[in-house]
Amino acid sequence: MELKKTPLNEVHGTSGARMVAFAGWEMPVQYKGLIEEHLTVRSAAGIFDVSHMGEIEVSGSNAHAFVQRIATNDVDRVGDGQCQYTLLCYPDGGVVDDTIVYRFGADRFLFCVNASNADKVYDWFNKNNTEGALIEDQSANYAQIALQGPNAADVLGPLLDVMPAEIKHFHFVMALVAGAEAMVSRTGYTGEDGFEIYLEPRDAVKVWGALIEVGGPYGISPIGLGARDTLRLEMGYPLYGHEISEKLTPIEAGLNKYVRLDKKGFIGKDALKRQAGLGVDKTLIGFKMLDPGIPRENYEIRCNGKKAGWVTSGTMSPSLKTGIGMGYVETGCKGGNIPFDAGIEIVIRNRQAKAKTCRPPFYTIKRGMSPLARPA
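So for the sequence shown, the working numbering puts the first residue at 59; every next one is plus one.
One thing to keep in mind: the hints can contain errors.
[Said to hold, decoys possible] Derived CB-CB ranges, DEER-like:
(1) D328 / N199: 32 to 40 Å
(2) G82 / K305: 42 to 50 Å
(3) E94 / E60: 29 to 37 Å
Since the hints were derived computationally from the structure, they do not count as laboratory data.
Where a beta carbon is used, it is the ideal one built from N, C-alpha and C, also for glycine.
Given the sequences, and given the hints that come with them, work out the whole structure.
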């Protein structure tokens with residue numbers, strides 16, 4: 059099956075990107091190199107093509123009722139012009155997807171969903187649309203550019219027809235970027251200050267080029283999916299298919315603050331309420347390596363030499379220069395929950411490597427806004 063291409067595909071080619079298949083798309087995994095790109099975002103500014111993400115619009119007089127029933131978070135906790143991290147769950151508590159929902163008003167919402175789940179979420183919405191809301195897959199009508207890093211506001215400012223300071227954390231505005239109509243939100247997946255720019259596909263190349271030109275003095279560089287993953291992992295952000303999935307719930311993943319059990323019934327509430335009340339048999343932890351070695355997905359986690367769980371995500375942190383990861387462990391290990399700062403072992407190439415549990419984020423943001431701890 060032929061891979062889909064974003065409107066910026068040719069730009070990546072001329073920029074020397076190494077392209078890979080990802081969720082049915084041809085995407086840049088890196089340009090100059092993962093470590094250099096990662097550190098550029100931490101110290102200056104990086105620009106990402108995230109046009110592969112899906113956008114699903116829910117509108118109409120019953121849109122609000124539908125969103126409240128389909129999402130675990132409470133959209134009434136944000137006002138018009140704000141956005142919110144939320145999860146979509148099956149009746150058994152498993153996750154359909156995690157998403158950012160943008161509230162234009164009680165009669166219009168836009169969900170930004172993971173590329174690998176866009177079709178699934180669209181079908182799930184339609185299957186559960188008992189309210190009769192209008193549900194439209196708008197993915198083909200959007201390109202998306204993420205601008206992240208401590209210098210992001212300085213780069214965007216000269217191109218934006220409003221002051222970047224007017225866009226608060228997890229707010230969005232309709233604005234002109236380099237003369238192109240766009241929706242600009244102060245959000246991101248790196249922990250740094252940043253913006254995500256939604257615009258018409260025909261304008262993507264122009265806006266990308268303008269950001270690169272203005273951002274030159276601020277150290278801007280294009281960033282691939284490889285560094286995007288290490289950046290999110292340093293912050294302890296979940297990735298669908300790793301820390302959350304159809305078989306892993308928000309409660310097991312420690313995302314309780316985004317599950318509003320005090321809200322009127324939503325899909326998955328009963329199962330999640332049981333887990334929150336009775337406890338779970340496995341829970342997500344973060345860990346740092348004490349011994350040399352890089353933890354990888356599906357590596358075995360041991361506690362006192364006995365199998366206790368598995369790694370969901372792991373890497374050598376470019377910022378910390380040590381191995382970090384997240385994984386699930388049995389809550390009965392050591393006769394109770396594994397405490398933070400406890401010793402565990404990661405099996406790396408048939409060798410037990412010492413590690414210690416810790417509470418993410420692994421990396422503390424030194425400049426710009428505070429870490430993107432997605433607001434409840």
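So, going through the hints one by one against the coordinates:
no.	hint	verdict
1	D328 / N199: 32 to 40 Å	holds (36 Å)
2	G82 / K305: 42 to 50 Å	violated (22 Å)
3	E94 / E60: 29 to 37 Å	holds (31 Å)
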